[in-house]
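Visitor: Based on these hints, arrange chain D on the given structure of chain S.
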Amino acid sequence: GQQLNQSPQSMFIQEGEDVSMNCTSSSIFNTWLWYKQDPGEGPVLLIALYKAGELTSNGRLTAQFGITRKDSFLNISASIPSDVGIYFCAGSSDSGNTPLVFGKGTRLSVIA
Amino acid sequence: NAGVMQNPRHLVRRRGQEARLRCSPMKGHSHVYWYRQLPEEGLKFMVYLQKENIIDESGMPKERFSAEFPKEGPSILRIQQVVRGDSAAYFCASSPVPIGELFFGEGSRLTVL
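First to last, the sequence lines map onto chains S and D. Numbers 17 to 128, taken from the numbering used here, label the letters of the first sequence in order. Numbers 1260 to 1372, taken from the numbering used here, label the letters of the second sequence in order.
These are calculated hints, taken from the structure and not from any lab test. Each hint should be verified, as a subset may be incorrect.
Claimed, not checked - Far from chain S, by Cβ distances over 12 angstroms, these chain D residues were calculated: (1) R1268; (2) L1270; (3) R1274; (4) G1275; (5) K1303; (6) V1306; (7) E1311; (8) P1329; (9) K1330; (10) A1348; (11) V1371.
What the hints assert, rightly or not - Cβ-to-Cβ under 7 angstroms is the rule here; a few derived chain S residues that face chain D: (12) F28; (13) P55; (14) E57; (15) G58; (16) L61; (17) G82; (18) P115; (19) G119; (20) K120.
Where is the CB? At the ideal position from N, CA and C, for every residue including glycine.
Extracted from the complex, chain S is given alone in its bound form:
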């Protein structure tokens, strides 16, 4: 089945630093989504990407849909303590009924 490789698995950064994480797949995706999950909560959608090469921002977050359609990255600028959590990439290879496939997540810790 489809697999998403997400890296790094975990990150420890100082408050104020920028963060970058990425996701790659072995097959072409038509949709890339980035979610954040806080402990004990459900994933919350951060950014959705639907077009190869698309670069989209949401506040301090920026995500890009890779031109090859096999990768995506998420950047967080000027990190703050509330950025702590698990960030998941998710992708779908079909605009029809193919369900979203999720990566295993990047665990972000921010040191004040």
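Guide: Structure of chain D alone, referenced to chain S:
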């Protein structure tokens, strides 16, 4: 505008009992998805339903697990004769159109003793 509502948030069952997890999608959403998350893992797709129809159940274990989304009422994920390996967080998500952006509930955490 309420989000995706799941209940119970926490459920404890003994081995062999049944677990029923309920999910009410966001208003206007007719597509429902169930995912399972083990500790320190990502979300694994289980089943995709549209009102009264199962569209894709490729991620559902063949035995003991079933899901429905009736015309009226919430979607239900049912696990019969639970075993310890069923302990996990079960998340429901909904969308207004097939696939695209999924909106998740806060999950139901099942613990099997």
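Visitor: Give a verdict on every hint.
Guide: Structure-based check of all given hints:
Distance to chain S contradicts D:R1268 as a non-interface residue, since its nearest Cβ pair spans about 9 angstroms, not more than 12 angstroms. With a minimum CB-CB distance of about 15 angstroms to chain S, D:L1270 clears the 12 angstroms threshold, and the non-interface call stands. No Cβ of chain S comes within 12 angstroms of the Cβ of D:R1274; the nearest lies about 25 angstroms off, and the non-interface call holds. No Cβ of chain S approaches the Cβ of D:G1275 within 12 angstroms, the least distance being about 27 angstroms, so the stated non-interface status holds.
With a least beta-carbon separation of about 8 angstroms from chain S, D:K1303 fails to lie farther than 12 angstroms from that chain, contradicting its non-interface assignment. Look at D:V1306: its CB is around 9 angstroms from the nearest CB on chain S, not clear of 12 angstroms, so calling it non-interface is violated. A cut-off of 12 angstroms between C-beta atoms confirms that D:E1311 is not in contact with chain S; the least separation is 16 angstroms. No Cβ of chain S approaches the Cβ of D:P1329 within 12 angstroms, the least distance being about 20 angstroms, so the stated non-interface status holds.
The claim that D:K1330 lies off the interface holds: its Cβ sits roughly 20 angstroms from the closest Cβ of chain S, which is beyond the 12 angstroms cut-off. With a closest Cβ-Cβ approach of about 9 angstroms to chain S, D:A1348 is found to fall inside the 12 angstroms limit, against its non-interface label. Listed as a non-interface residue, D:V1371 keeps its Cβ farther than 12 angstroms from every Cβ of chain S; the least gap is roughly 19 angstroms. About 17 angstroms separates the beta-carbon of S:F28 from the nearest beta-carbon of chain D, more than 7 angstroms, and the hint is not met.
Look at S:P55: its Cβ only gets to about 11 angstroms from chain D, farther than 7 angstroms, so that hint breaks. A cut of 7 angstroms between beta carbons decides the hint on S:E57: the least distance to chain D is about 6 angstroms, and the hint holds. Nearest Cβ of chain D to the Cβ of S:G58: about 4 angstroms, under the 7 angstroms cut. The hint holds. Contact between S:L61 and chain D, as hinted, is supported at the beta carbon level, the nearest pair being about 6 angstroms apart and thus within 7 angstroms.
For S:G82, the interface hint is violated, since its Cβ never comes within 7 angstroms of a Cβ in chain D; the closest pair sits about 19 angstroms apart. Because the closest C-beta pair between S:P115 and chain D is about 4 angstroms apart, less than 7 angstroms, the hint holds. Of the supplied interface hints, the one on S:G119 holds, with its beta-carbon coming within about 6 angstroms of a beta-carbon of chain D, less than 7 angstroms. Because the smallest distance between the Cβ of S:K120 and any Cβ of chain D comes to about 4 angstroms, under 7 angstroms, the interface hint for this residue holds.
Hint check: violations occur at hints 1, 5, 6, 10, 12, 13, 17; the rest are consistent with the structure.
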